[in-house]
Amino acid sequence: MTDTTSIKMSRRKFLGVGAVTAAGAGIAPGVSLISIAEAKPVDQAISSDQRWGMLIDTNKCAKGCSACVDACNTENGLNNGDELNSRPEQKAQWIRKVDLKDKATGHEVSLPLMCQHCENPPCVDVCPTGASFKREDGVVLVDKHICIGCRYCMMACPYKARSFIHEELTHQMEYAPRGKGTVESCTLCVHRIDEDINEKRDPACVEACNGEGHKAMYFGDLKDANSEVSQQLKNHSSKAIRADLNLNPGVRYRGI
Amino acid sequence: MKKINYLEIEGWSNGFIGLLAVLGVIILAGMGGMYYMEHNGHFVTGMDNHIVWGIPHVFAVFLIVAASGALNVASIGTVFKKPIYKPLGRLSSLLALALLAGGLMVLVLDLGRPDRLVVAMTYYNFKSIFAWNIILYNGFFAIVAVYIWMMMEKKMNKYYRAAGFVAFFWRLILTTGTGSIFGFLVARSAYDAAIMAPMFIIMSFAFGLAFFLLVLMLSYHWMDRPLGDKTVKTLKNLLGVFVGAVMYFVLAYHLTNLYITEHHGVEKFILAGDNEFTKLFWIVQIIAGGVIPLAIFYSKLGDSRLWLGIGSLLVIIGGLAQMYVIIIGGQAYPIDMFPGMEVVSSSFGDADTYHQYSPSLAETLLGISGIALAMIMIPVCSKVLKFLPESLADKDVDPHHKG
Amino acid sequence: MKYLQIMLVMLSMLLTNSIVTAEVPQPNIPKGNAEKCVLPTAEMRVNHMEKILHQRDKTMYKGVRTEQFSFKQCINCHTVKDEQGQAVTFKDERHFCSSCHTYAAVTIDCFECHASTPSKSMAGSKP
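For the protein sequence lines, the chains are A, B and C, in the order given.
For the first sequence, position 105 matches number 105 in the numbering used here, and the numbering has no gaps at all.
For the second sequence, position 384 matches number 384 in the numbering used here, and the numbering has no gaps at all.
For the third sequence, position 79 matches number 79 in the numbering used here, and the numbering has no gaps at all.
Keep in mind that the hints are not guaranteed to be accurate.
[Stated by the list, open to error] SDA-like mimics (lysine to any residue), calculated; alpha carbons at most 20 Å apart, straight line:
#, chain 1, residue 1, chain 2, residue 2
1, B, K81, B, R161
2, B, K383, B, K81
3, B, K386, B, H263
4, A, K103, B, H263
5, A, K239, B, Y298
6, B, K230, B, G340
7, A, K101, B, S345
8, A, K101, B, D352
[To be verified] Some chain C residues well away from chain A (every beta-carbon gap over 12 Å; in silico):
#, residue
9, L4
10, L14
11, Q84
12, S99
No lab work stands behind these hints, which were simulated from the structure alone.
All values derive from a computational prediction rather than experimental measurement.
Don't be surprised by glycine CBs; every beta carbon is placed ideally from N, CA and C.
In isolation and in its complexed conformation, chain A is listed as follows (with noise of 0.2 Å):
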């Protein structure tokens, strides 16, 4: 047992080292201001100067091919030998590969879809206790600490892109956690963006369909008009899913 005047001791020490941390991290993000595109230092904060999105040109995308819904199960460990009771409408999915065929002229086309990450996201408006939230930089993520699992944003989701655990996991990946009687959807590998220094590594789907050799995914900032996706979207049309809704999506697709 250590004695009382010891602890007292340490404990000054700290709110003196608290209190530098405390006024270097105040100040960090305002040193950050002169941003650059690319992912930021492990240790700062993320800013609104950034927002991330994609652009998916369907007419790149195969139908028939799930390279990117494969990427992404494997990296958040959504295929880990977990969720072996739910029945395949309970299991997870952030994202998932839909083949579409025009009514009116037959014209067929492949997507893939997954969280939007709208800049006004109605899931962020109806949760209870705030768990569904949407970063700085446009990530759009559950909270899951204070998710109470009450599915509305399930209920508003006007993509369906979120999935809730039905039941106990064991086997999550260390960045992305995930559990039972919690809301969960794409996250953009966020884990990616936030940790990434020097290498600029898209999300698992991005990087997956470009190792296909499709390429039928950009990931990148859309604040910066040098980013890849921000040509592209300038030079070429592009229009965001249920774009009626006013909801202006991160996502945006090309061919539709």
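Since chain A is already given, all that's left is putting chains B and C on it; use the hints.
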């Protein structure tokens, strides 16, 4: 008019104990179902990522809506000062609290993480109508409790009208909030309509009064206390008006949707589909829950208490069906994300014509136990406190009674 | 009667004495895998929950995944291996967090969502 004498339920008759036992068993069964669901996870239920709100929510929302309507009788006596309703005020308030308690119990126990209820009460996102509802429901408990206290406590009698006014407006806001849970959702064709809030208000009037009439007639029959025809007839006529009003709102809702081409899909699904929702809508909600009760109330049959009870029960069953069609039907119909396009295939069931839902035993027991909890609170509280007038005979309560 | 009272008092004194002087079972908390923890042990013992709670908000809302209070790093460093050389999970009493929390009978729900061992297949993640 004579002064009303309120009296607790006297004695421990076999019937009384039997009633408590039966309701108690149902509640325990529901708790067992809940434990099974919470311990294993929701995979044991019929709910999935398409039908995220199932039977527990149908029962919970139904009870919450009925709760606010059950207060109507007390409000008519207090706020609108109709003398024949005044003696019924205490029972009406008690029933409102009981139904709300039952509904909330089911709602909370169906959460993915019911252990985080404290989080729900301490972290608020004020843009969420759900968060507002949490405040409204808790406030309702407090306000109606104060209202009851002021009606019962002689010294506070002069304030009960103020409490009654607050309760009246509070529960209108509460039911508007409940209806808006669905009305505010842009995502689904069956929701996203301003009419949801007022429709829920009028539904609350009908369901709450049906519960009240049923509870009143049953309890006075079992206690062998007089219940005059005038009271019953007044309530019957009011219930008839409310049931008719609900039918009107349903008509307005569907008529509007039928005009809007965009909503033709969901309308066909509900009104003329090859599924359980169409059957529930026409047979249970409209005919059994609307047409037949109206026929009973406004015909000679309405003079018989037995038929009145059957009519009220039908209104309740029709109401449950209406909730099922709204809540489950609204989710079963696939979201139309790509207008003009047909989904050929999807790994997540976007291509389904509609999403199936078959409730499990556990979740059904949980739902039913909500009604049981509401019903058990009436005899328990009436045994302990003076909620029920000793006599509701015409000569005691009817201001126009001759002789 | 008085005899009984005296007996009772003496018995209770004996019992409390034996409880006080008896061996109190101590938890068997395994050592971490680094030289020292990010903060002194005594401090961590008292304040770790506060650190974890503060860090989780920083990570979730600000995207800060710093090494010092990163939960992942805690798990990485405080891994306990079993006889086969596999890291034990929270369900096992030898797990670092379990060893003390089972002893103190304080339920935690962190590991309902968080992995309690370092990920084996670090698919694409920085080690």
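Each hint tested on the structure:
{"no.": "1", "hint": "B:K81 with B:R161", "verdict": "holds, 9 Å"}
{"no.": "2", "hint": "B:K383 with B:K81", "verdict": "violated, 28 Å"}
{"no.": "3", "hint": "B:K386 with B:H263", "verdict": "violated, 52 Å"}
{"no.": "4", "hint": "A:K103 with B:H263", "verdict": "holds, 17 Å"}
{"no.": "5", "hint": "A:K239 with B:Y298", "verdict": "violated, 57 Å"}
{"no.": "6", "hint": "B:K230 with B:G340", "verdict": "violated, 59 Å"}
{"no.": "7", "hint": "A:K101 with B:S345", "verdict": "holds, 10 Å"}
{"no.": "8", "hint": "A:K101 with B:D352", "verdict": "holds, 15 Å"}
{"no.": "9", "hint": "L4", "verdict": "holds, 40 Å"}
{"no.": "10", "hint": "L14", "verdict": "holds, 27 Å"}
{"no.": "11", "hint": "Q84", "verdict": "holds, 18 Å"}
{"no.": "12", "hint": "S99", "verdict": "holds, 18 Å"}
When each numbered hint is compared with the structure, violations occur for hints 2, 3, 5, 6.
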